[in-house]
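Q: With the hints as constraints, model all of the structure from the sequences given.
Protein sequence lines, in the order shown, are assigned to chains A and B.
Residue numbers for the first sequence follow the working numbering, so the first one is 1 and each next one is one higher.
Residue numbers for the second sequence follow the working numbering, so the first one is 116 and each next one is one higher.
Errors might be hidden in some of the hints.
[Stated by the list, open to error] Here are the simulated SDA-like pairs of lysine to any residue, each with C-alpha atoms no more than 25 angstroms apart in a straight line:
{"id": "1", "chain 1": "A", "residue 1": "K49", "chain 2": "B", "residue 2": "S180"}
{"id": "2", "chain 1": "A", "residue 1": "K68", "chain 2": "B", "residue 2": "E218"}
{"id": "3", "chain 1": "B", "residue 1": "K118", "chain 2": "A", "residue 2": "G1"}
{"id": "4", "chain 1": "B", "residue 1": "K118", "chain 2": "A", "residue 2": "S83"}
{"id": "5", "chain 1": "A", "residue 1": "K49", "chain 2": "B", "residue 2": "D174"}
{"id": "6", "chain 1": "A", "residue 1": "K56", "chain 2": "B", "residue 2": "L210"}
{"id": "7", "chain 1": "B", "residue 1": "K170", "chain 2": "A", "residue 2": "E94"}
{"id": "8", "chain 1": "A", "residue 1": "K49", "chain 2": "B", "residue 2": "R124"}
{"id": "9", "chain 1": "B", "residue 1": "K170", "chain 2": "B", "residue 2": "V139"}
{"id": "10", "chain 1": "A", "residue 1": "K49", "chain 2": "B", "residue 2": "Y165"}
{"id": "11", "chain 1": "A", "residue 1": "K60", "chain 2": "B", "residue 2": "E223"}
{"id": "12", "chain 1": "A", "residue 1": "K49", "chain 2": "B", "residue 2": "D153"}
{"id": "13", "chain 1": "B", "residue 1": "K170", "chain 2": "A", "residue 2": "G43"}
{"id": "14", "chain 1": "B", "residue 1": "K170", "chain 2": "A", "residue 2": "T28"}
{"id": "15", "chain 1": "B", "residue 1": "K186", "chain 2": "A", "residue 2": "Y39"}
{"id": "16", "chain 1": "B", "residue 1": "K170", "chain 2": "A", "residue 2": "N2"}
{"id": "17", "chain 1": "B", "residue 1": "K118", "chain 2": "A", "residue 2": "E42"}
{"id": "18", "chain 1": "A", "residue 1": "K49", "chain 2": "A", "residue 2": "E63"}
{"id": "19", "chain 1": "B", "residue 1": "K118", "chain 2": "A", "residue 2": "K68"}
{"id": "20", "chain 1": "A", "residue 1": "K56", "chain 2": "B", "residue 2": "Y165"}
{"id": "21", "chain 1": "B", "residue 1": "K172", "chain 2": "A", "residue 2": "G43"}
{"id": "22", "chain 1": "B", "residue 1": "K118", "chain 2": "A", "residue 2": "G41"}
{"id": "23", "chain 1": "B", "residue 1": "K170", "chain 2": "A", "residue 2": "G1"}
{"id": "24", "chain 1": "B", "residue 1": "K118", "chain 2": "A", "residue 2": "Y39"}
{"id": "25", "chain 1": "B", "residue 1": "K172", "chain 2": "A", "residue 2": "K60"}
{"id": "26", "chain 1": "A", "residue 1": "K60", "chain 2": "B", "residue 2": "K118"}
{"id": "27", "chain 1": "A", "residue 1": "K56", "chain 2": "B", "residue 2": "R211"}
{"id": "28", "chain 1": "A", "residue 1": "K49", "chain 2": "B", "residue 2": "V134"}
{"id": "29", "chain 1": "A", "residue 1": "K49", "chain 2": "B", "residue 2": "E145"}
{"id": "30", "chain 1": "B", "residue 1": "K118", "chain 2": "A", "residue 2": "D84"}
{"id": "31", "chain 1": "B", "residue 1": "K186", "chain 2": "A", "residue 2": "L46"}
{"id": "32", "chain 1": "B", "residue 1": "K118", "chain 2": "A", "residue 2": "L48"}
[As the list claims (entries may be wrong)] Listed below are several chain A residues computed to face chain B (Cβ distance under 8 angstroms; list not exhaustive):
{"id": "33", "residue": "L13"}
{"id": "34", "residue": "E42"}
{"id": "35", "residue": "G106"}
Worth flagging that the hints you see were computed from the coordinates, not collected in a lab.
Remember, predicted model here, so these are calculated numbers, not experimental data.
Even for Gly, the Cβ is constructed at its ideal location relative to N, Cα and C.
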Amino acid sequence: GNSVTQMEGPVTLSEEAFLTINCTYTATGYPSLFWYVQYPGEGLQLLLKATKADDKGSNKGFEATYRKETTSFHLEKGSVQVSDSAVYFCALSEDRGSTLGRLYFGRGTQLTVWP
Amino acid sequence: DVKVTQSSRYLVKRTGEKVFLECVQDMDHENMFWYRQDPGLGLRLIYFSYDVKMKEKGDIPEGYSVSREKKERFSLILESASTNQTSMYLCASSLRTGGGTGELFFGEGSRLTVL
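A: Shown next, in the form of C-alpha cells:
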C-alpha cells in the first residue's frame, strides 16, 4: 500500500540555520510527491512537488529531490526565516494511472524558527 | 483566485447532535475530499468524491457520511456527534488530471468541539 513516514518534530532552529526534514515513502506504481505547508490558523497549501524520479521541486528557497532508489523526498532550505515557522507535510499521490487524485500524508513536522 | 470555502471556522456542539460541515469550491474541480487533522496523527481521509452523487470511503469513515448533490459542494455529516470527533476538519478539491499529479486545494478548516 501507500504510506509516508516523515521526521517527527518539533524542530526548532535559529534564523539562517540549515533545515532538513526527512521523508520516506512506500508506494505502488509511479507516484508523485509533494510537500505541503500549513501556517498557523490556515489550511494547507502546496509548497513544491515532483512528478518523477530525479525531479527536483523548488519554491521559496525550499527544495526536495525525488529519489526512487532510496524512496525519499527530503525537504531542505539553506537559510530559514522566522516566517517559515509552520507545519510541513510530506505527501504522495496514487499512481500516475489513477484519476482520483487522492494524497497520502505524513504526520507533519512542526518547525519553529527563532530570531 | 481559486478558492475552497468551508462554511464555519469554529463550531461547538453537544454529544448526540447532528452536525453539517459544508464545503464549496469555485474551481470546477471533479474531486473533493474531507480530512480530519489531529495532533500527532497528521491528516486522515474520511471520505472523497470524484463526481456528483459519487462517494468513496477513506480510511476513517465510521461515524460520518457525505453528500455531493452539486459539483461545487461537498458536505460532511456527523449523524450523532461524539466527543472523539472533536477535531479540525479540512476540505480539499482537485482536478481529475488522469495522471495522479493533481494538486489539492484546501479550505481553511473547521474546528469542531463536541461537548
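Q: In ascending order, which of the hints set out earlier in this document are inconsistent with the structure?
A: 1, 3, 8, 15, 19, 20, 25, 28 and 33
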